[in-house]
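Residue strings, one per chain:
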Amino acid sequence: MAMKYLKSTAFYVLVVFIVVQALFPFYYAIITSFKSGSHIFEITYLPNDFSLQNYKDVLFKGNGTFIRNFWNSIVIATSTVVLSLFIAVTASYALSRVRFRGRSLMLMTILAVSMFPQIAVLAGLFELIKGLGIYNTPYALIFAYTIFTLPFTVWVLTTFMRDLPIEIEEAAIVDGATPWVIIRRVFLPLMWPALVTTGLLAFIAAWNEFLFALTFTSSMDTRTVPVGISMLSGNSEHEIPWGMIMAASVIVTLPLIALVLIFQRKIISGLTAGGVKG
Amino acid sequence: MKMKTFITAAVASISLMAVSAVAADLSIVSGSTGKDLEFMTKELAKFTAATGNKVTIVPMPSSTTDQFGQYKLWLAAGNTDIDVYQTDVIWAPQLADQFVDLTATAKDVAKSHFPSIIESQTVNGKLVAIPYFTDAPALYYRKDLLDKYKIAPPKTWDEMAAAAKTVLDGEKSADLQGFVFQGNAYEGLTCDALEWVKSNGGGQIVEADGKISINNPKAAAALDRVKSWIGTISPKGVLAYQEEESRGVWQLGNAVFMRNWPYAFALGNGADSKVKDKFDIVPLPSGGEGGSSAATLGGWNLAVSKYSKNVEEAKKLVMFLASAEVQKANALEASHLPTIESVYDDADVAKNQPVIVKWKAIFQNAVPRPSAPTKVKYNEVSSLFWSAVHDTLSGNGTSADNLATLEAKLTELKGDGWK
Amino acid sequence: MAATQVLSKDTSVPMKNELLAGRTRAAMIFLLPMMLALAIVAGWPLLRSIWFSFTDASLVHLYEAKFVGFKNYLNWIDLPSGKRVYTGVLVDKGWWNAVWNTLRFGTVSVVLETIFGLAVALVLNAEFKGRGIVRAAILVPWAIPTVVSAKMWAWMLNDQLGIVNDMLQRLGIITEKIAWAADANYSMAAVLMVDIWKTTPFMALLILAGLQMVPKDVYEAAEIDGVHPVKVFFKVTLPLIKPALMVAVIFRLMDAMRIFDLIYVLTPNSSQTKTMSVISRENLFDFDKFAYGSAESTLLFVFLLIMVTAYIKFAKVNLDGSTQ
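Residue numbers (my numbering), protein chains in the order written: chain A, 657 to 934; chain B, 17 to 435; chain C, 9 to 332.
The hints are simulated quantities; they were obtained by calculation from the structure and are not laboratory data. As the structure is a prediction and not an experimental result, all values here were calculated from the model. Do not rely on the hints blindly, as some may be mistaken.
Once the Cα atoms are required to be at most 20 Å apart in a straight line, the calculated EDC-like pairs of lysine to aspartate or glutamate come out as [as the list claims (entries may be wrong)]:
1. A:Lys786 <-> B:Asp97
2. C:Lys282 <-> B:Asp432
3. C:Lys74 <-> B:Asp113
4. C:Lys101 <-> B:Glu423
5. C:Lys79 <-> B:Asp432
6. B:Lys430 <-> C:Glu135
7. B:Lys294 <-> B:Asp163
8. A:Lys786 <-> C:Glu72
9. B:Lys159 <-> B:Glu135
Just chain A, with the same shape it has in the complex (with noise of 0.2 Å):
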């Protein structure tokens, strides 16, 4: 009994770790974002200063831009999580459930194009962008994200299809459903949950993106909340407003946040329907 009790003790003290560890230091940007002027600089373990001027200042100081950026980023990562998911899944179905010469070429292909340094293509994708016109709107962002995306979702959607036992398409085959039917009605209800643990890591891939977000845009209605972020000024040159920067990275990390508890249970249930093959 006693060695019962021990176990659950060392497995609550193994969780309380695991989650401070995770957790401090973005408590520490919370206390951080309270603070004002010269206390920024102090070390505090508990929060000693409460002003909430660095989050009005984010919201409001900008005309509103922050609010904007941060729908932009809404928009361009969910349309980039739709756009790959819908690609992909399709792409899946056909790379693990149907049998055709240079599959292993095809999924090596399809690693292999995400593995040029993303500063590398940037010239690439910048002049890309330029020539079909989309420079400077959303659709750039979109449209590059699947860069990253897109192959992350069809490796593992993949593999996920692929564990899914043979019975359950067999009486749809049987009964002479297309492929499409067939995705649909046999492999959506049972990937849902599948989908949503990949979207969401690619959501947040999407959601933090920088690089191509500050090159693809110029203005501060078109950009993302981690442009907005690294745009966000004291007063003078060299002055980083760190009260403000950790007020807004406090904003732009509740929604994410907010989504996984949303989704988590899907995330678990769903893979455990995965397991019906039994």
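With chain A's structure known, arrange chains B and C on it following the hints.
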């Protein structure tokens, strides 16, 4: 009303060929932040009122490396969306081919600017950018602490080190540092180290004629002197400091001396600053015998893109922003240092911004980084230089060896001449 | 290229020929949008970069680039003295230093992140109160934009003003303040620490997904048989989650080897932490050596390609040995 006619006159006087009355839409890209951005917006409104040209500001992140990479890419792609670029003092020579020659446009006013600044923006006789405002560092010192130990503000680096030591020994505080500067391996270290070397009579890395001068005993001695401070009057962590880290330590009251730009002056006197009214500035110390104070030239300039569809109107815009009137307003409202000498003697400036007047003395000893002679290679030169300095200060090789290696690398980089 | 068949436990449905042909046709149609998207968005910029690496391109004069062969990779000049001097990326000490840093960083971070990710996933897989909130909490580091979290850590790791030193001092672990980002002995450790903190959640989430696929009855059977939990983990759990684990590791490996933004913010110019991406950015954008930087990027690409292929091959051997 009076102000408006005044501005109109100013704009008209700098744009003699204002025949084409067609209004244009112009774009200016700027890494300016906060107050500076507000100031520019206000001035641009005056410009629009006077000329009918609409101007949009494209703001950029304040990180200068981010800006620079971006501008290069835009210019490489012949971006017609941007007409005017706000450029760091070291960029213009690297982008000279992409900017319009302003020599003719500015021939009447060029002489009124500090010659060293105009020189820094001139490449092969072509004026690539016109100065907007300038920046130069000073030595910040704690009046209260120096008074307590009856020490006068130092004139040489050795005096400064001695003073710092006296105060540290006297105060016996674990948190107090003697001298903080920008020791991180980045462009800021090139600025700091150029001052140490130049003030010690060690030249300016690459001279105006392109000769590589850095490998000399005086330069080595200057670096050795700084090396001796690390771990004694300066914390080891100073080797990771940029401007804000130094100011952080300083503004908490934890440093006797600091090398920094003018922006730290106003912030240090902020209501919640621990050093409010306890400090002052003097020109940076000299190296002693035969040396004189040296302050690295910073600041911002305005250049017209050659891909602009409205080059003439864009020229008017930069001439307007660089005019004495705007510079004066910039000094009064945003405490930026004018590049036109006469503005320092202006009565309003003297009355409302006494600190700016103090900086005039510093400009007499301003030294440009070797961006003009080394042209497109400047960034690489600077990187090699700060690496050699950072290595020396971290105890990774002696100053003499590192400078000899640096000379070899620079010679290789130069090839058959800086191009 | 049988390499990736590791992943394909063959679940293709066996069937008649005409049906098969129809399915294959449908598959091709399904694959088309993806291939098209990737060909445009990735193919062109990629080929462009590779092309630039064989030219004398400078960013300011991108369109006047001339073909120069392998000069950016390796070239030599015969001096009048008869001495031969080699230049190019392949003999660049800075580059090899970056390769070494990347390898060091990549290996250590991926190994530790996999172990920690696995541990966190196992914990989160257990049933306990407040599990949902804990799951959300551990994702926070991954959710904070890198631009911000890197700056945040830079601030926390500051020697005088940073909370990390203060904490360690209070706990009596260190006596003297450590200059994390400046001190050559610590800078790599600092970068690794932040990266592990940041990306462990990514690993944990993907592994957790894999763990959820392990049927519960497998554990129950093992428990009844009285098999030691450690043995269950290695003999049952690990083989079953291997596909998920492997995909997670591949993507982490690719990201780790291309690590850029974190180092760019934290210690951009330290030779101790300069990685291949960082050095290639420096040449592409800061220095006037666009072609040289392109050559470095291309080498990084080749390097990753070899590495990932080798990993897939190696993992296959392993997988076959344990699952069958």
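Do the hints match the structure? See the list:
In summary, the hint linking Lys786 (chain A) to Asp97 (chain B) is supported, as the alpha carbons are separated by about 11 Å, within the 20 Å threshold. Our distance criterion of 20 Å between C-alpha atoms is broken by Lys282 (chain C) and Asp432 (chain B), whose separation comes to about 30 Å. A hinted pair counts as satisfied when its Cα atoms are at most 20 Å apart, and Lys74 (chain C) with Asp113 (chain B) qualifies at roughly 19 Å. Between the alpha carbons of Lys101 (chain C) and Glu423 (chain B) the distance comes to roughly 17 Å, so the proposed pair stays at or under 20 Å and holds.
Distance check on the hinted pair: Lys79 (chain C) and Asp432 (chain B) sit about 18 Å apart at the alpha-carbon level, within 20 Å; holds. Taking the CA atoms of Lys430 (chain B) and Glu135 (chain C), the gap is near 66 Å; set against the 20 Å cutoff, the hint is violated. Restraint check: the Cα-Cα separation between Lys294 (chain B) and Asp163 (chain B) comes to about 10 Å, which is no more than 20 Å; the hinted pair holds. The suggested pairing of Lys786 (chain A) with Glu72 (chain C) holds, with an alpha-carbon distance near 19 Å, which does not exceed 20 Å.
A hinted pair counts as satisfied when its Cα atoms are at most 20 Å apart, and Lys159 (chain B) with Glu135 (chain B) does not qualify at roughly 36 Å.
Hint check: violations occur at hints 2, 6, 9; the rest are consistent with the structure.
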